[in-house]
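Novice: Work out the full structure, taking the sequences as your base and the hints as a guide.
The chain contents come next:
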Amino acid sequence: MYRNVPTGVGARRRDLRLSPRDMRAVLERGAAWAVSRGYGSETELERVEEGGCLEGADPDLLSTRALERGRPQLGTLGSGNHFAELQYVAEIYDEPAATAFGLRLDQVTCMIHSGSRGLGHQVCQDHLRVMLDASRTYGIALPDRQLCCAPLDSPEGRRYLAAMSAAANFAFANRQVMTHWVRESVCEALQIAPEAARVETLYDVCHNIAKLETFEIDGRPERLCVHRKGATRAYPPGHPGTPAPYRHVGQPVLVPGDMGRYSYVLVGTARAMRETFGSTCHGAGRRMSRRQAKRAGDARVLLGELRDRGIHVRAAGLATVAEERPEAYKDVADVVRVVHEAGVSTRVAQLRPLAVIKG
Amino acid sequence: MGFRFFDHTADVGLEVNASTVSALFEEAAVALSAVLSGSAPVEPRERVSVSLTACSVEQLLVDWLVELLGRFDIELWLAGSGRLVVEQRGDRWHLNGAVAGAPLDPHRQSTALPVKGITYHRLSVRQTADGWRATIVLDV
Chain A
1 MYRNVPTGVG ARRRDLRLSP RDMRAVLERG AAWAVSRGYG SETELERVEE
51 GGCLEGADPD LLSTRALERG RPQLGTLGSG NHFAELQYVA EIYDEPAATA
101 FGLRLDQVTC MIHSGSRGLG HQVCQDHLRV MLDASRTYGI ALPDRQLCCA
151 PLDSPEGRRY LAAMSAAANF AFANRQVMTH WVRESVCEAL QIAPEAARVE
201 TLYDVCHNIA KLETFEIDGR PERLCVHRKG ATRAYPPGHP GTPAPYRHVG
251 QPVLVPGDMG RYSYVLVGTA RAMRETFGST CHGAGRRMSR RQAKRAGDAR
301 VLLGELRDRG IHVRAAGLAT VAEERPEAYK DVADVVRVVH EAGVSTRVAQ
351 LRPLAVIKG
Chain B
1001 MGFRFFDHTA DVGLEVNAST VSALFEEAAV ALSAVLSGSA PVEPRERVSV
1051 SLTACSVEQL LVDWLVELLG RFDIELWLAG SGRLVVEQRG DRWHLNGAVA
1101 GAPLDPHRQS TALPVKGITY HRLSVRQTAD GWRATIVLDV
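Order-wise, the sequence lines are chains A and B. According to the working numbering, numbering within the first sequence proceeds without interruption in unit steps and concludes at 359. According to the working numbering, numbering within the second sequence proceeds without interruption in unit steps and concludes at 1140.
Hints in this document: simulated from the structure, not taken from any laboratory. Bear in mind the structure is a predicted one, so any value in this text is a computation, not a measurement. Heads up, some of the hints might be wrong.
Rough simulated footprint, nothing fancy, chain A against chain B, three-plus residues with beta-carbon under 8 Å [what the hints assert, rightly or not]:
id, region
1, 1016–1024
2, 1059–1070
3, 1073–1084
Partner residues are not named here, just some residues of chain A that face chain B (Cβ under 7 Å, in silico) [unchecked claim]:
id, residue
4, Arg14
5, Leu67
6, Gly80
7, Pro155
8, Arg286
Note that beta-carbon positions come from the ideal geometry of N, C-alpha and C, so glycine has one too.
Specialist: Have a look at this one:
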């Protein structure tokens, strides 16, 4: 997996090069572009939020620099808190939902955490500048300049949403390509055919994104812009946005923890639709700053300790390992308990790490 | 004079001090490279000319660091020492000059922190009794 999925700053595969035309197609079509190039199958797309493509994406709104940063980074994991992790199902809390998701005890799973890479960061950077001016134009008082904004129906607001949707499509394509390479890695390692390996997508869900979605407000359906920052989508059973195979139980929610403890699979609820615009937590959240985490101990010692517990970590840099040490994060079990008890998503399964690749 | 980091839960804070505003921008480039490369020295192998204009000195600093960040993301290019002239003409701020640097050598240098962007959170560039000071929070 570490060999097949480019990991860390500057890593890339030579067998995936994008022409400007390809880039345009990626930004317009998202995960469907990846499938059209043989990275996965059409049936997987129904298990991706929005089918792996946001409508209204406009590649023409991206700067040359955003495209330059993105082109070499499609099909790359990145670094920082991005990871790909082989895990096993350690606990099942909700049998019917787990069965619908195809999860059973001791089953091996893989979780990928990555996004729109430098392309998305540049889209953000480019539009911060626009939004600073827009905030002045529209008389918006800012408590912090990083919170600059514009009304959604203003030209600036509409352009940003269209550019961000293009970045989201890049992220869908990126994860689809890596998912395919993970599948190939499993087949290579076990020397089996893809049909025999049965490595299937459970779900691909976004986080840190703003999207237009429909909610019932005072008994009437309204189109709203939902910004899920540090949050992810948690649609209930029966919702048309919940993929058909899961519609009787609810949308799967993936909540990564840290590389030493566990991650969770939850399921969306009707209560989330009523109380949190169909949203729940995205992850554990940091407890220590990166500098504090680095000072907390030697990365080599940490790698040894994890290995002794059966967790094998391959990382492009030791600094990332130190910064991402398990105790740098809150215990995700505590975070999950809160959303479970609040009823905005409920526990289905706990996944424990076996092998982790990081940038 | 020089730079120091300060703690921020999810991001990295940077305080840069220099005797002149031009030197402040030169030092900020070195500081960014230190974040990206884990403080390993950067060889001044290639010179890159730069010319930027912005409506404020703070925006010019953001544009300058974004320019360098883009070069790192695309070519792994790290900035070292620079010769810059930063000045205000009318209501615009201008940066002109050249910076010397080299692509990161993965065999010799490890990347320390992936920097996603330069934020406006707590951003300030101001004149002090001894020169100039910039405060920048990097989105990592």
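Novice: If a hint holds in the structure, say so; if it does not, say that too.
Specialist: Each hint tested on the structure:
no., hint, result
1, 1016–1024, "violated (count 0)"
2, 1059–1070, "holds (count 4)"
3, 1073–1084, "holds (count 3)"
4, Arg14, "violated, 16 Å"
5, Leu67, "violated, 10 Å"
6, Gly80, "holds, 5 Å"
7, Pro155, "violated, 20 Å"
8, Arg286, "holds, 5 Å"
When held up to the earlier numbered hints, the structure conflicts with 1, 4, 5 and 7 and fits the remainder.
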